Amino acid sequence: MATVQLRPLRTKGWGRIAFLVLTSVLMLVPMYLLIVSAFKSQQDILTHPFSLSPDQLTTEYLRKAATNPDFNILKGYAVTILFVVSVNVLSVALAGPVSYVIARRSERRYRMLLLLFVAGTFIPSQVLVIPVVYTLKFLGLMGTIPGFVLFETTLTLPFSIFLYAGYIMTIPASLDEAAAVDGAGQHRVFWSIVFPLMKPAVVTMVILNTFSVWNDFVNPQIILGPGSGLYTVTTGVYAAVSQYSTDYTVVFPTLLLAVAPLLVVFVLLQRHVISGLTAGATKG
Amino acid sequence: MRARLTTQLTGQLTTLSMVGPALVLFVVMLVVPVGLSLYLSLTDWDGYSANPAFVGLKNYVNLTHSAEAIRAGWVTLLIAAVGTVLLSVLGLGFALLVNGASRLNAFFRIVLFYPHVLSALVVGFLWSAVLGTSGVVNGWLTSKGAEVLPFLSNPNWALASLIGVLVWAGFGVNVVLYLAGLQTVSKDLLEAARIDGASTRQTFFSVTLPALAPVVTVNLVLSLVTLLKTYDLVVSLTGGGPAGSTQTAAYLILWDSFHNNALGFGSAQSVVLMVITAGLALTVARLRSRADRGVQT
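Keeping their order, the protein sequence lines are chains A and B. Just so we're aligned, residue 2 is where the first sequence starts under our numbering, counting upward by one. Just so we're aligned, residue 383 is where the second sequence starts under our numbering, counting upward by one.
Isolated chain A (complex conformation):
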């Protein structure tokens, strides 16, 4: 029986790998084009898009893109990293304690609270940005860094609270009861006993939030606006690329500079990214 099954399985295995290799090529071709085209002239990109002849490659266009007066890429990185860090810190500080209360209390009002937060996931943020502009204007925060960070943090709350509350439920309540008996207050119990145990869930959310804040386009574009002089990597790319959309010696190097940091981070952290997403999915 076993020997009969072995043969078809093996041929199927090679078919599988061939198919996956072909798919991988399709997935990687745009990235290959992005990378090689960043080092080529317009003529070369159009007539020999796939070719890679070392003597034709030049870093001239990449250098030009890096020092583009319309879009200072270093400033873009700095502003974006500032946003990523602030949103992550604020998100954990706010979503952590409320998730703890939701996970540990059985009263109806806390279940309703969870439902209220989770309902937020169904609201398309592009739809929200219009009334948020007026809310921020009312608060005097429109076009400011705090205004943008507060809104972006709010967008992280629904999924964070959902994930954290689910995760805390898997941590035995007897642990925090013991600490409470020893006289620790709720805040103390949460931050020094429960929070350290939530590390996997927090790492997942931090990674997901980092990608979504880094890649967000519509919110920084509208809330920070062109008037504020603040641009993130994506709004900067939009400003630089949409004007020269057919000058590929501007387009490709700019796009490469925009994606390179995130791709490097992804390749270094890919195990956490994929397993983090996996954890989020099965808990949901």
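Hint data in this document are derived by calculation from the structure and do not stem from the laboratory. The hints are all genuine.
Sample of chain B residues lacking proximity to chain A, with all beta carbon distances greater than 12 Å (derived):
no.: 1; residue: ARG386
no.: 2; residue: TYR442
no.: 3; residue: ASN444
no.: 4; residue: HIS447
no.: 5; residue: GLU450
no.: 6; residue: ILE452
no.: 7; residue: LEU460
no.: 8; residue: ALA463
no.: 9; residue: ASN536
no.: 10; residue: ASN538
no.: 11; residue: ASP570
no.: 12; residue: LEU571
no.: 13; residue: LEU572
no.: 14; residue: GLU573
no.: 15; residue: ALA575
no.: 16; residue: LEU669
One side of the interface only, derived from the structure: several residues of chain A facing chain B at Cβ under 10 Å:
no.: 17; residue: ARG17
no.: 18; residue: PRO98
no.: 19; residue: LEU151
no.: 20; residue: SER246
Being a predicted model, the structure only gives us computed values, none of them experimental. By construction, the Cβ of each residue, glycine as well, lies at the ideal position given by its N, Cα and C atoms.
Starting from the structure of chain A, add chain B where the hints point.
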């Protein structure tokens, strides 16, 4: 008695201090804006004048005979429907192909997933440089003496290209979610099915797929909600063109609100999109949970 009351009160205050900050932010930045959207949808406001004029349901009535809004609605639903099916089928198919711990599978997973890391805006610009009329593919075709293909310049092709790029960029997430689901399939049941002589196909349909049901729900809801708000990719890939053929609801809402200064009308569209998104997501979740119960009983 008094001391007990005080401890109770401090306990409640502590709880409030843990719940309060997140709740206040959520209400100010999400609940109030949603309410504001509902109110603005009943007004005729340009975004500048001091007092929005209350017009009742006029914006909603106008919406039912705005050819542009109706087309954007259909385009959005088409993208969401076709996209969700493709993402789910490809997601599950590839998850089955790269399931199992091996170095090669780990590599394939990364390759299938990586576009998700890139911003949709960048993905759109990248593919428009590849597929545009004077883009890489057409430049190459021209140099070989072949005809130029209208990937982004013919309305039907452009919509198909948009969906294609959405699927290219997004199905890796579904693969990962299905891989997570496959971990929960009982090894004992798989073993038992194999010993009973079930074929691969039989095992898949009677053991694997039922066990995956909750993940299928997550995937369908997530894909639908994501695709219904397609915006960034439209901006950078097609700019809504040619001739408005790839304008999605989110694109039109922001266009009407900020370029046409029709905030009341834009808000009415927002409310409809919110209701449709929540309605579809809840329907899918409910149908799926009914199907799961059907399997169990």
